[in-house]
Amino acid sequence: MTTQSKEELAKNETLARLFELIEKGKPLPWQADWTTSKGMGGLPYNHNSGRAYTGGNMITLLIAQMALGWKSSAFVTYNGAIRDGGNVIKGEKAKVAVRLATPVKDKSGEQVYNEDGTEKMYYGYFPLFNVEQCEGLSIAPPVVEKPVEWRHAMAEKLLADSGVTILHDGGDRAYYSRNDDSVHLPFKSQFKTASGYYATAAHEIGHASMAPHRLNREVKGKMGSKDYAFEELRAEIFSMIVGSSIGLFRDPEYDPANHAAYVQHYLELFKEEPDALFRAAADAQKIATYYNVEAYAHEPCGPEYDASTAVKPSTARKSSKTRTRTPKPKQEHALQAA
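Per full-length UniProt numbering, residue 1 is the first one in the sequence shown, and the count goes up by one each step.
Straight-line Cα separation of at most 25 Å, SDA-like style, residue types lysine to any residue; simulated pairs: (1) Lys222 with Asn179; (2) Lys95 with Arg51; (3) Lys157 with Tyr290; (4) Lys220 with Thr200; (5) Lys146 with Thr200; (6) Lys286 with Arg178; (7) Lys93 with Asn48; (8) Lys90 with Gly136; (9) Lys107 with Tyr123; (10) Lys226 with Leu269.
Pair ranges (Cβ atoms, derived): (11) Ile82 with His213: 45 to 55 Å; (12) Glu149 with Met121: 35 to 45 Å; (13) Val219 with Met121: 30 to 40 Å.
Since the hints were made in silico from the structure, they are not lab data.
Quick reminder that beta carbons are idealized off the backbone N, C-alpha and C, glycines included.
Let the hints inform the model, and build the full structure from the sequences given.
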């Protein structure tokens, strides 16, 4: 019998938890009502550093958080809890593990470097504890919640800075057209909520990242194929990252259930492929990095965010064109949003 690696065990356990949630009809992680969570909610983050987890680690922790009923989004290693002056509650066990990178040091404690001058890192799976499994930890100072108007302004700026042409055609579809490299959306007034509009727009610019002059990602399959489904997972997880990073999930009007059935449908195609969800999450993180989503948000435990100075995308891009026009009688073939 083949012995599974720590990575395989962690991924299979995460997928098993996810499909158990689906079978029980429970909300999926990206459906969670983050406004009711203790702490800041949103994306899982490290209690010691305040940094949000990304990619497959983010998905793993979101699923564990939902499946195990944790309200807090903060996680810590065993030693991290001790360094913070606390400890893991007696009897508590680590129920989730993530892949982390740690610096490689020599015998004298100095950083070891690769031949290209980059820091040499060790990648391994490390058990984490939710802060609800700990006691005596310091309490992070509360972050002043930004108003809805600020969050919507950040979403608008992200869309404008993306460089993607966005057309409000007034139809009943939202999609990205590869033929003319443009996103097509209904009028804003057709959306039930402003946050729903931004979530949909983020999904579509996620698709737009496939363009040759962006991330150059090829999608060959047609609707119903696994290739198509995988692209939809990428875009929807990217939309989730945007929503949580900017704070759209905390809008009173926001209905995160819009993400769920959509993702669930495509996940069913990958029941026998535990790696698919994590590959999609890793790709979604690459999209978030390309659009520099981090520049439009603050970390869960970070300092007060100054929008006037902090929004500085790392790569200057031509601002997108957002305009309204009369719908064409015939739409071009494109990837369609939820």
